[in-house]
Amino acid sequence: MTTAAPPGQARPARPARSPWAIVAFLGFAAFTWWAASDEFGIGFDVARVITNLTRGADILAEFFPPNWEYLPRTFGPMLETFQMAVIASVIGCGVALPVSFLASRVTTPNLVTYLVNRSLLNLIRALPDLLYALIFVAAVGVGPLPGILALVLFNVGVTAKLLSETVDGVDPGPIEAANAAGATRTQVVRWSVLPQVLPNYVAYSLYVFELNIRASAVLGIVGAGGIGNLINTERRFFRYDNLMVILIEIFVFVFVIELISIWLRRKLV
Amino acid sequence: MIRFENASVTYPGGVEALKDVTLEIPDGQMVVIVGLSGAGKSTLIRAINGLVPLTGGDVVVDGVSVREAKPKELRELRSTIGMIFQTFNLVRRTSVLNNVLMGRLHGAGTLRSLVGAYRAEDIEIAMQSLERVGIVEKAYVRASNLSGGQQQRVGIARALAQQPKIILADEPVASLDPPTSHVVMRDLQRINRDLGITTIINLHFLDLAKVYGERIVGMRAGELVYDGTGAQADEHVFRDIYGRSLTADDVMGDPSERPATIAG
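Keeping their order, the protein sequence lines are chains S and C.
First residue of the first sequence? That's 2 in my numbering, and the numbers climb one at a time after it.
First residue of the second sequence? That's -1 in my numbering, and the numbers climb one at a time after it.
Hint data in this document are derived by calculation from the structure and do not stem from the laboratory.
Please read these numbers as outputs of a predicted model, since none were measured by experiment.
There may be inaccurate statements among the hints.
Between beta-carbon pairs, the in silico distance windows are [as the list claims (entries may be wrong)]:
hint, chain 1, residue 1, chain 2, residue 2, range
1, S, R126, C, E129, 36 to 42 Å
2, C, R140, S, L54, 30 to 36 Å
3, C, T85, S, V117, 48 to 54 Å
With a straight-line Cα cutoff of 25 Å, these simulated DMTMM-like cross-link-like pairs (lysine to aspartate or glutamate) come out [to be verified]:
hint, chain 1, residue 1, chain 2, residue 2
4, C, K136, C, E119
5, C, K136, S, D172
6, C, K17, S, E177
Here a beta-carbon is modelled for each residue, glycine too, at the ideal position from N, C-alpha and C.
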C-alpha cells in the first residue's frame, strides 16, 4: 500500500561519509598491531600459542580424574570464602550506597563534594584487589580479615561507580516534584532517587558478591584466607586432581549464585 | 497574594524567558496562563516557587521574597505551594500512597522520612487527599499500574497533601485525552472553589482556558500581553496572544464530538 505524498518536497542528497570512521579504524588496527608485534610489542603469535598449548596437555591430563575423596576437606575453606564474601559485600555495598549519591551531579550539585568523591572512587579503583590483599596481609597478618578488607575496598569502588552512573540517568521529574514540595536534599534522594535505582542497586550488589567468591580464589594465594589458601597449597604439591575438585566446586557455586540473582532481579524489577 | 515585581529570567544560554513581568494574583483566584510553547508560561509559574531562579526583579509570595529567601526559607515557602506537572512526575516504581506522602515530607523531619516512619496524621492527610480526587482505593497500588488520568490525580493528591495555599499546575492535561482532561480540570476547579486555594494553571488549549479560567493571563515571548476575564477573551484576544491566526490544534474540542472536525 502506498500513500500519496504531498507534492513539493525535495529529498535531500545523502551526506558524504565522514573520513573519520576510516581514520579511527586504521588507527585502532595500527594500535593493536603495535601491541602484538615482535618489533614494538610483546610478540604475540597465534601459531606459537597453538604449538605451546599441546605442551600443556600433559599437565592438563593430570587434572583428571578429579579426586572426589578430597571434597570434604574443601568444605571448611569454601564456607570461609562464602562468609568473607557475605561480610565484604554487606559492608562494601552498604558504604557504596551513600557514596554513590555523593558521586553523581544529579544528587550532589556542589561541585567540590562531587569532584572529591569522584577522585576518591577513581583512586580506590586504580589498585587491583590482589594488591590490596598484599598490603593488608602485611598490615594485619594472614587470615580472612585482610581478604575481607581488600574485598570491601574493591566492592565500594565497583558498586559506587556503577550506581552513581545509574543515578546520573534517573528521571528528573520526581526530583523536581519533591523539590517543589519543600523536601530537603536527603529526602529527595530517599524518596525520588532511591526507589528509581533500587533494582539496579540490588543487581550490582549480587554481582559484586559473585565477584567476591571468585576473587577469594586468587586472594588466598597471598595469604588472605578462604578457598584460595587451599588452591595455593594443592598447586604447590602438584595435586592437580585435588585442584580440579576445587575448580568444579567454585564453578557450581558461582553458577548457583547466578541463578539466584537472576531470580531475585526478576522479582524486583 | 502573589506579586511579580518587574520579574525577569534569563537562562544561562541567553534566552530571555521572562521579561519584566509585573502581575498580582489575589488569594483564592483561579488563573489560567495561555501562550504558545516557549512563551514563558513554565518559567512564570516556576518563578513563584523558586524552581527557576530570577535574574531580575522579584516575586513576593505572602510577603516572602522568593529571590531573597535562604534555602531553608525557600523550602518553607515551597511546602505551602503544591505543584502539578505535565508528565505527572510520580515515582513510578513505588506505591500511590508513598507518592502522595511526598507532599508531607516537609513537616515529617529528615530522620522520620528517611526510614519512612510517617506519623499517623500525615498518612491520614494523604488518604484524605486521595479521597478528594476519588482514587483512595489505589493507595497501595504501584503508580506505574495507573492510567494517565489516574496518575495525574495522584499528582493532584500529592499537591493537596501539602495542605497548600497555592497550587501551580504546569500543563496538567497536555498528556491526557480530552474526556480525562475535563475530569482533571474539574477536579482542579472544585479544589479551588471548595478549599479556596489560589490556583495557577498553564494551558495551551484555548477552549479549556476559556471554560476554566476565571482570569486569563496571556504571554508571548516572555512578556505579559493580556490580562482579563475568561468571558472577555474572544478569538481576537487569543489571536493577539498567539501572534498568528488560530488553528484546530489550538483547541481541544468537545470530547463528545471527537474526532469531528473543529473549526479554526
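How the hints compare with the structure:
At roughly 51 Å, the beta-carbon separation of R126 (chain S) and E129 (chain C) lies outside the given 36 to 42 Å, and the hint is violated. Checked against the hint of 30 to 36 Å, the C-beta distance between R140 (chain C) and L54 (chain S) comes to roughly 54 Å, which is inconsistent with it. The hinted range of 48 to 54 Å is not satisfied by T85 (chain C) and V117 (chain S), whose Cβ atoms lie roughly 34 Å apart. For the proposed pair K136 (chain C) and E119 (chain C), the alpha carbon gap of about 19 Å is at most 25 Å, so the pair holds.
Proximity of K136 (chain C) to D172 (chain S) is assessed by CA-CA distance (about 23 Å); at most 25 Å being required, the pair is judged to hold. The suggested pairing of K17 (chain C) with E177 (chain S) holds, with an alpha-carbon distance near 24 Å, which does not exceed 25 Å.
Taken one by one, the earlier hints fail for this structure at numbers 1, 2, 3, listed in ascending order.
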